[in-house]
Amino acid sequence: MSPSTRHEFQSRPSAARRWESAALWLFRTATYVILICGALVFGNIVFKGSKTVFTTTAPFINVPFFTEAPESLYVFDYQGQKREMGDREFRAFKATHPEAKDIKAESYVYSAGGIFPCIVGTVLLVLGSMIIALTLGVSAAVYLSEYAKQGRAVTLIRLAILNLAGVPSIVFGLFGLGLFVIYLDWNVSLLAGWFTLAFMVLPVVITASEESLKAVPKGFREGSLALGATKWQTIRKNVLPYALPGILTSSILGIARVAGETAPIMFTAAYVVRDKLPWEGLTSVSDFFFQGVMALPYHIYVVSSKIPQNEYTERVQYGTAFVFLVIVALIATCSIVLRNKLRNRYKW
Amino acid sequence: METPRPTSQSDFLVNKKRIRVLGLSLDDATKFFFGGNAVVSIIVLALITYFLFQEGIGFFGQNHRNLLTYRQAGLEYVDFIRTQESGHIALTRYLSDLRLRQYNYYVAEQKMSPAAANQALVKFDDFAAQYGDAVEPIRGMVSDLTEQATAIKTKFLIAEDKKTERQQLLVAGKINEAAAVKIESVDFAAELHILTGVLPVYKQTSAEFAKKLDASLAVAPRLTTPELMARLDRFNQLTHDYLATFPATTRSLETWDYTRPVPWYQAISAFLFGREWLTASFWQDWYGIVPLLMGSVMVSFVALVIAVPLGVGAAIYINQIASSREQRIIKPSIEFISAFPSVVLGFFGIAVLGQSLRWLSQQTWLAWVPGFPFSERLNILTAGCLLALIAVPTIFTLAEDALQNVPKAFKEASFALGATRLQTIIKIVVPASLSGIISAVLLGLGRVIGETMVVLLCAGNRIAIPDFTAGLAVVTQPVHTMTGIIAQEMGEVVRGSIHYRALFVVGIVLFFLSLGINFIAQKIVRKYRISIG
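As they're listed, the protein sequences go chains Z and H.
Positions in the first sequence are counted from 1; adding 2 to them yields the working numbering.
Positions in the second sequence are counted from 1; adding 16 to them yields the working numbering.
Here chain H stands alone, though its shape is the one from the complex (with noise of 0.2 angstroms):
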């Protein structure tokens, strides 16, 4: 826009004063408000981002440290010892196992009382506490050198704690207090001496205890059906390959050095590939996401095959096959399902779903279905259920978009070939639009995922990786999931401590999980998009 000289102000009739501020007309002025408000987003985006990041990147630090006293408090010299103690329980349980299966056996194939299948089962008994006691002299061992290892942390992190102190007394000028404060460093040399002292005593202890495992295992009695002599036969199998596993034992508790340091990017490592969320235990604390994640990836799994298609389904029917009557009710209907606040979804889990899906899987003529019955109530299976309810409006509205977006020349050609409807669906009007379906399908992804209420409620909240070796029946387990461990645990920790800043490195994981589901989907959109020419 021009402005008018002053001095041929005079030479226009209308004449209109512009008000300026900082050289901007009033209309410039609002122009860079409004365009002000629309950075508002950029800006937003990137402090979450930022944030994000400046709470969260402390993390791999303090992990680094963590997993360094873990070293050098001689915490990983114990560990080696106590996966040795921990693959015996691990026997020693499929042992019990066995004894159940016999016992059932007894009870119900032979109808012996039970305390008569308890007398046939005596030997057995004598067989299995000679093979559970073999381990005592591991097991002593083990907590013997817990105690001292505990010791040597507490020491060590104590002295810690004083440096810090130490520190900012320094920082607020207070000299004398900061020299009052002692700090005892911690001599690790000298102090794992105890631990690495006990390694002929172990060498020994452990040559014992393989060997009973030997002998006992030759007093094995016989069991009474093929199937269970073969559990046997298994049994004796995998005791024989725990016990190859002891040399490799010996061989890392004589090569262990904890002066050996640990690569920067284990920190990173043990935090991305760690199947372990342990955090406030007694002996060492384990921030590894990979439970997490497989929790959220199981339930949103669960969640889109059951969403999928009933939302694309519905999707068709609505736009290719219903009346216009239906459509006007049943659109505005799955739209009002997706107001259904989230956290109201979970207490329905909680209140009915879970125990009704629970009863359901008790009844005898569903004892087909892989996993029935179960006894948690709440697992992957209710949360996904519901976070299907929560994925269907997603879906179903964007599907049914990129199914309006199909140009009509393509389906009345096909009418026009003698395709019948379902051909015509099926052959024309789902393929031209895949792409928004996919995206759809992407985007309820991305729905799930991030939904933190229903499976902060309904998933269980077990952190453990679930166990797929149990095939389909993996989905009644109880997980826990990345949304929920942050807003379950968040409200519990300190500021700036290595668990909270946990938290947020989870948080980051996920902001750009979401990112990179929301890219994919735009990416799918605008690559596959057909022409209408």
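This is chain Z alone, in the form it adopts within the complex (with noise of 0.2 angstroms):
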């Protein structure tokens, strides 16, 4: 600006006001930076993911990398081409071309085919643990907001859902292991998976729960109550209705962390590689909850960091680790989306 349009009553420039729009930029620069370095992870997975996930002619999905089971991928030049063959493409090829029986073909493992156990997975493992975590936790908020009395028994639960939510993730899974897996002798299993998993997330439903519940007005029980409704009626029909959104959504951020840990997992429940899919070669229904699973998560691990970096493994590492960033990514959007709406729905 220059010194003929400036007024009277404006300030002056001086030492200290260039001081405090450094200092603010400095700020701002801090949050600016923070949101670039996410941007970027977030960038380069989903670019370089979305060339395995993507293809360029209809159905631009591809489609056996979401129903096929992971393979090794054979590369091996026939005839001066390179090809790349998955594990059964490639002892059918040999089996149809003899002259290629001996050839040299170098392999990588799980770098062909597809990741759908991996999905199937997870998904069970998230359902199961939520099922679980949301039982628990809602009832433990409901009775930490409507039922308890101040005393020492409520300040102690108070104090292990504290600290509950900041033990790592890996001593949960250790606790798993020797709960679970070991003494309970589950072996890597589903169920045990579902336990550590949903213990894990506990405190993060159940202190979300208790937010919601505080949230409805103290008029809607006093009414219930007053018309002759008992505690329980009051809470069924007049409380949990009007928290329940709020429960839910704000429990998605739990289902989040939940499908995005990996430590809880790798001695609970998760496999390397396992070629059965969760509902086949079933002999009981119980079969189905001592069974362990693969996991995207651990799947990630796994390609990451059990075979090399290259042309062609990358495809497969930088294909999941795409597939599960974009579900646990919209997982969470959903989560923030929604409470934000609640937010402004709801005001008594």
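Take these hints with a grain of salt, some might be off.
[Said to hold, decoys possible] Straight-line Cα separation of at most 30 angstroms, DSS-like style, residue types lysine-lysine; simulated pairs: (1) K347(H) / K443(H); (2) K343(Z) / K216(Z); (3) K139(H) / K228(H); (4) K47(H) / K220(Z); (5) K347(H) / K50(Z); (6) K343(Z) / K347(H); (7) K347(H) / K216(Z); (8) K47(H) / K216(Z); (9) K50(Z) / K308(Z); (10) K308(Z) / K103(Z); (11) K179(H) / K198(H); (12) K47(H) / K239(Z); (13) K151(Z) / K233(Z); (14) K543(H) / K216(Z); (15) K151(Z) / K539(H); (16) K424(H) / K216(Z); (17) K216(Z) / K539(H); (18) K220(Z) / K233(Z); (19) K424(H) / K220(Z); (20) K543(H) / K151(Z); (21) K278(Z) / K308(Z); (22) K178(H) / K198(H); (23) K47(H) / K233(Z); (24) K424(H) / K343(Z); (25) K443(H) / K543(H); (26) K151(Z) / K47(H).
[Stated by the list, open to error] Stretch by stretch, here's where chain H covers chain Z in the computed footprint (C-beta under 8 angstroms, at least three residues): (27) 15–24; (28) 226–234; (29) 262–270.
Since the hints were made in silico from the structure, they are not lab data.
The beta carbon of each residue, even a glycine, is placed where N, CA and C say it ideally should be.
Bring the two chains, given one by one in their own frames, into a single complex with the hints.
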């Protein structure tokens, strides 16, 4: 601004003012650095992963990647051409081409095929653990906000919840290994994974539910009680229905956390590789609960640490990471958007 | 609630039958059901503690036996001499470094051809060879003794195995089979006689070794620059220091006694202060948590150094400076970052960040940065950067909450006194919410120190205490962490073995560390909360 247009009450430039704007810019830079870093990570995975997940021809989505199980990839020269084949295809190729019998092929484990069993496993793990966590968590929250009177027991419960929230996920994994896998002899199984993950998100669910219950105005309860309803009737008819949307949306964040964790399922539920899908080869219903599964996060760990980085393995690495990141990000976005909407909707 | 007496029941107009099971009405039952669920959190916390200890506590007994075997089988005895040998190895390494410097000097400064440079170094090579060969007798001795001690240890371990086998048979009631198990008891005194018998030979060899070193130092050739000469002098000094340790080694060998008991507390102190985590070795396994703890601490430290300014700065910006439209966009975006799965971040570190950082470090215009260039793609810095991204959302959200809780009146009063925006932020708002910010940082620390996948994938997984003599460059070294070691080794160990239990003890340490951090964070919030009066 040139001096001629300056009017009388405008503040004059001074050293202090320059310092101030410099400092404010510093804070602004910090904020945007965070956002840029996040965007870089997200962008890199999405950009490179989309090459695996999407195709240029209809249906534009790499269907086999979503519907097949992981396989080894074989890369070899055949009649001067570089060929890449999955395990089954390669065997079929060898059978039909007798001259290619002793062909030398480089093999990369898990680099062909798809990630269907991993997606199934992750979905099963998330569903089961969230059912357990929601049952336990919502009930606990109802007790804490509706029934409990201030006392030592409640203080103790709150302290336990607070501390449980800070326990590292790998310690939950050790705990699951010690209690479920070894002591209860469930082995590496869905059930062990469910309970381990459920206990891990329990604090998140309890805190979120309690907040939503607290947000229901006192008048709702008092009105119902005044009409002669019992406490349980009041809670069932006049508190829970209004708190439920809030409980569910906040708990979605818990789902994102459950889906994203690797350490707790490493020793309790996840297999590196398993050829059967969870519903195949069951002899009884209980078999379903006592089987290990493949899971997306564990698969990412396996493919990124156990196989070398090169152009062949990169596809499955980035593809899996992309699918996983998008799933988790979608869940998280849902939770954040829904919560903001809810905040605006309910104003008592 | 009063229950109406049965006789007066007809007096009421509205009558409701209450179903009672075990003396509980439906309402009471629901209450207890909910209460029971709330207690689950306490139970889970108790169970975690219980099972960690149940699996882990046996470690100390096993470690004690491990240390006892180390002494009784004479491994400790051999290690005295081995230490002497490895001291010499370190010195020869110094010498070859010196040769490399001199060679570089010849080639780079005096423009000699490599052949000519090597020619000029012949004298030095002679000296180095003489110095290096002096240790041979000692080395031969160590390898002989190692074999003998290993044999004793193996014999002892087999005997122990047989003992447990017999015990198991006895428990199973198979007395005859138990009697058939032959146990060769190990007579340590006799077996160790071979070991301790070499002492006179050792004394002589050691004296000769010292003499040879001294003699070779005398023929050390002169080097060309003052700087290199100073290094050579330093080398002389180091050798003299090294020679001065010989009598102590001899003394420890003389006074060594395999019957000296290993105090019980050593099983604990060897774990807590042990500087080596060495498993599945043919010689002796060590379970010392220090390298892992240092790794965790270093990685978390780097992460916090990056995350605290960014997280707190962003919180201040969003809460105090940003327009409401910026707030509406940025806050959810940062929350969104917190949903990134850690394993994906770890993969990003392996695939992109590690390489990019290494590439950056090899740029000539960045050569002044300490530690640059580095060759290890996965190191403390790589893991720390990614962990910072995990810690930032936690720190940001909690710090923003703390800033939000500062009463508006504080700010208004400050403005009314004529303070600028920056002055108000720095002198009023931040100090008023400092307790909240500190606890946000602590909770961020708790999140980072318990993080597994990123450090497992990106910290380099080398079990060693970082070399702090490197100054700031220490952040470019690979480390292993407590969380990482559990995740990596738990899948491969035998259940109930000492290694398995050691991993559980690491878990216990981690558990209490995070509880402690949590506790301090809560304490700070409660103690220094400003009263809005």
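Next on the checklist: Next pair to validate is K343(Z) with K347(H); report whether the Cα-Cα distance is within 30 angstroms.
Outcome noted: With a Cα-Cα distance of about 15 angstroms, the restraint between K343(Z) and K347(H) holds, given a limit of 30 angstroms.
Checklist entry - Keeping to a limit of 30 angstroms between CA atoms, is the pair of K47(H) and K216(Z) held or broken? => result 18 angstroms, holds
Checklist entry - Quick one, are K347(H) and K216(Z) close enough, alpha carbons at most 30 angstroms? => result It holds: about 24 angstroms lies between the C-alpha atoms, which stays within 30 angstroms.
Item to check | Assertion that chain H covers the region 262–270 of chain Z - criterion: three or more residues, beta-carbon distance below 8 angstroms | outcome: holds (count 6)
Checklist entry - Can the restraint linking K347(H) and K443(H) be considered satisfied, given a maximum Cα separation of 30 angstroms? => result 25 angstroms, holds
Checklist entry - Are the Cα atoms of K216(Z) and K539(H) separated by 30 angstroms or less? => result It holds: about 25 angstroms lies between the C-alpha atoms, which stays within 30 angstroms.
Item to check | Agreement of K343(Z) and K216(Z) with the hint, judged by alpha carbon distance not exceeding 30 angstroms | outcome: The hint holds at about 18 angstroms.
Checklist entry - K443(H) and K543(H): Cα distance at most 30 angstroms? => result Distance ~20 angstroms between K443(H) and K543(H) Cα, so the pair holds.
Checklist entry - Going straight from one Cα to the other, do K179(H) and K198(H) come out at no more than 30 angstroms? => result 9 angstroms, holds
Checklist entry - Under the criterion that the straight-line Cα-Cα distance not exceed 30 angstroms, is the pair K47(H), K233(Z) satisfied? => result 9 angstroms, holds
Next on the checklist: Need the status of pair K151(Z), K233(Z): alpha-carbon distance at most 30 angstroms?
Outcome noted: 14 angstroms, holds
Checklist entry - Given the hint that K139(H) pairs with K228(H), does the C-alpha gap stay at or below 30 angstroms? => result 17 angstroms, holds
Comparing the model with each earlier hint shows no violations; every hint is respected.
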